[in-house]
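**Q** Line order of the protein sequences matches chains A and B. At position 151 of the first sequence the residue is numbered 151 (the numbering used here), and the sequence of numbers has no breaks. At position 135 of the second sequence the residue is numbered 135 (the numbering used here), and the sequence of numbers has no breaks.
Just to be clear, a hint being listed does not mean it is correct.
It does not matter which identical chain is used: a pair holds within one copy or between any two.
[Said to hold, decoys possible] Straight-line C-alpha distance at most 20 Å; calculated DMTMM-like pairs for lysine to aspartate or glutamate:
1. Lys54 to Glu2
2. Lys128 to Glu84
3. Lys180 to Asp111
4. Lys139 to Glu68
5. Lys88 to Asp130
6. Lys10 to Glu84
By construction, these hints were calculated from the structure, which means they are not laboratory data.
Here is how the chains run, residue by residue.
There are 2 protein chains.
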Amino acid sequence: MEALFHYIRKYSSIAVSEEDFELIKSHFTYKRLRKKQYFLQEGDVCRYFAFVLKGAMRQYYVDEKGMEHVVQLAIENWWVGDRESWVKLSPSRYTIDAWENSELLMISYQDVVKLSQLFPSLAEMMRKMDESNNIATQKRITSAISHSAERRYADFALEYPEILRRFPQYVIASYIGITKDTLSRIRKQGLNN
Amino acid sequence: MEALFHYIRKYSSIAVSEEDFELIKSHFTYKRLRKKQYFLQEGDVCRYFAFVLKGAMRQYYVDEKGMEHVVQLAIENWWVGDRESWVKLSPSRYTIDAWENSELLMISYQDVVKLSQLFPSLAEMMRKMDESNNIATQKRITSAISHSAERRYADFALEYPEILRRFPQYVIASYIGITKDTLSRIRKQGLNN
DNA sequence: AAAAAAAGTAGACAAATGTCTACCCAGTTG
DNA sequence: CAACTGGGTAGACATTTGTCTACTTTTTTT
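Input sequences plus hints: build the corresponding full structure.
**A** Structural data, given as structure tokens:
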């Protein structure tokens, strides 16, 4: 529980008192998920966005041929959810499941809006989250459209070593948009440089 | 000038008076760019984010081999700029130039922060912009890592017909991460379906 | 420890995409 | 009108990446 408190303070310039935090906390729902359990299934509305207290989560899209494409990975102190579905309450095209046993703190969009009005610090945190999220996705797009698979993997390994450690290669491969076979080749080749 | 006013009202639930708007407006700088002129050059800090009143802008990244990779395109009522550089005042890796003669309304990060404190409606607009931007980039990433070039082009054409009309094929090709040659082939093939 | 499941590697082949050169076409400019 | 420029197409070939099947290694479960 403390992790969220730290997170809010880290991303906010305005102080948050213990009492404020108690009220904020009361709007979050704690949830435990065991490995392989779903947080969101395709077609369902993503009613909650979740702060990851513990564990590792995977968000993916299943195409017409039944192939899974990983669009997002999250570990401790990251947020997970389908933004569009969460905001618009529209059915999601994504599936989110727990890759490890995980603990989450979930909150609805409505409650975020409400709390943001009460606590400017929370609004600020959300804004900064959005901001850094935008910056990160911009980088990912730049990488995806302009670099080779080899370069994308190298960049990823450098930027997210912890993620690399906790997910198997084929999940990472999917995240950077290639198959496990290609990643295996790239890694082998990389050893001789 | 009116376009920005409309934009703010459209994206904000809180009313904005004419007087408020006058003050907001005074923080924006009007700028005209002729075709091919730069709005941002690689290595420079992106001091301003710009609202496009008129014209068409192109944002791209130049790789080690001198190849240009289009990361963003913008026309009327869109915003353009390098978010990371703008927020952190760090040198940008991107170049932004005018594809058509254009008119912009530019604003610094500092001024946005200041105005957001004065006008909740502006803060709300910014938040919604971020939100929809996040949703759009998420979709683009999903498309980039999981669809074929053909599918990506089809999706693009459907979602942004106006952009398609105003930029040449090779710019669109770069935007979706392929070469002009490949796009040419895809389009030819598409005629027979 | 044995068995089963999950993850990674390898190689052969196929498909998609990139590269390069040449040429065409349309609009603009001298 | 000729020359030029920007954009698009075409085809030959190279490279990258995907697909599939088989096998090995590692991890988990029993």
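**Q** Using 20 Å as the alpha carbon limit, work out where Lys88 and Asp130 are close: within a copy, between copies, both or neither.
**A** This pair counts as both: shortest intra-copy Cα distance 17 Å, inter-copy 15 Å.
**Q** Given identical chains, is Lys180 near Asp111, meaning Cα to Cα at most 20 Å, within a copy, between copies, both, or neither?
**A** neither (40 Å within a copy, 47 Å between copies)
**Q** Have a look at Lys139 and Glu68 and pick one of within, between, both or neither, based on CA distance no larger than 20 Å.
**A** between (22 Å within a copy, 15 Å between copies)
**Q** Tell me, please, which holds for Lys54 and Glu2 at an alpha-carbon limit of 20 Å: within, between, both or neither?
**A** within (12 Å within a copy, 49 Å between copies)
**Q** Using 20 Å as the alpha-carbon threshold, which applies to Lys128 and Glu84: within, between, both, or neither?
**A** both (18 Å within a copy, 12 Å between copies)
**Q** Give the relationship of Lys10 and Glu84 under a CA distance limit of 20 Å: within one copy only, between copies only, both, or neither.
**A** Intra 26 Å, inter 19 Å, cutoff 20 Å: inter-copy only.
Of the numbered hints listed earlier, the single one contradicted by the structure is hint 3.
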